[in-house]
Amino acid sequence: MYNSWYKSTAKTSDGERGFTLVELLIVVAIIGILAAIAIPQFAAYRIRSYNASAGSDCRNMRTAEETIFADNQYYGVSVALPGTTLAAAPGSAGGAGGVVLGPASPASAAAAGSLLTGTHPVTGAIGAIGVSASNGSNMQVNTTAGNGSYLGVCRHELGDTAYGGDSDSSAIYFVRNAAWPGTLNALSATIPAATNAVDDFNGAAGGGAPTANWTVQ
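Taking my numbering, the leading residue of the sequence shown gets 63, the next gets one more, and so forth.
Hints are computed from structural coordinates only; laboratory data are not their basis.
It is possible that part of the hints are untrue.
Computed beta-carbon distance windows for the label pairs [as the list claims (entries may be wrong)]:
(1) 245 to 95: 31 to 39 angstroms
(2) 82 to 107: 43 to 51 angstroms
(3) 207 to 105: 40 to 48 angstroms
(4) 208 to 265: 39 to 47 angstroms
(5) 125 to 150: 17 to 25 angstroms
(6) 93 to 128: 30 to 38 angstroms
(7) 265 to 118: 37 to 45 angstroms
(8) 167 to 208: 23 to 31 angstroms
(9) 246 to 158: 15 to 23 angstroms
(10) 272 to 208: 35 to 43 angstroms
(11) 277 to 207: 21 to 29 angstroms
Glycine included, C-beta positions come from ideal geometry on N, C-alpha and C.
Working from the sequences, and respecting the hints, build out all of it.
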């Protein structure tokens, strides 16, 4: 009886079959092919999401600028964190603003934060409005002398695209460079000088590659 059980068990064990080396190599090759396809697509998707974040910041910046203009009849430059409160906004006669490094919360009457601020060229009255920047996004807003026109740029540190807005145009511009992702605390793009009554982004060099010039989105 023992011998019969042993022979039956041995026969069953001998009949079991595992994977061959060729089969294992085929599985590894398939996994490698899938990874080679999926990883670049995932990286591109992440960059697109970072770009979308910067584009959203640019549109919010433009809305804030038009709000401050409606209230004060002039535009404002950006003030970076740690910033100040709206009540203690420094104002500006025009020029280059500070680079706001996200995440940056907007300033309020009581809480310090990032903001847009300017000074009326005739009355000297100071106005300001809070502006935010999403996590990893950088923003800079410059104005002409007297704050009659503004020009703002936003780019996410892990994105390959910078976005720009000019008070003299309703368009959103962009410039793209594949070498920019990972460049921290920098807008990277070439920013035109702000000029009154001129669409400064139109045809201007942006430092991109292959998108060298600022282009309408």
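Hint by hint, here is what the structure shows:
| no. | hint | result |
| --- | --- | --- |
| 1 | 245 to 95: 31 to 39 angstroms | holds (32 angstroms) |
| 2 | 82 to 107: 43 to 51 angstroms | violated (37 angstroms) |
| 3 | 207 to 105: 40 to 48 angstroms | holds (43 angstroms) |
| 4 | 208 to 265: 39 to 47 angstroms | violated (25 angstroms) |
| 5 | 125 to 150: 17 to 25 angstroms | holds (23 angstroms) |
| 6 | 93 to 128: 30 to 38 angstroms | violated (53 angstroms) |
| 7 | 265 to 118: 37 to 45 angstroms | violated (25 angstroms) |
| 8 | 167 to 208: 23 to 31 angstroms | holds (29 angstroms) |
| 9 | 246 to 158: 15 to 23 angstroms | holds (20 angstroms) |
| 10 | 272 to 208: 35 to 43 angstroms | holds (37 angstroms) |
| 11 | 277 to 207: 21 to 29 angstroms | holds (28 angstroms) |
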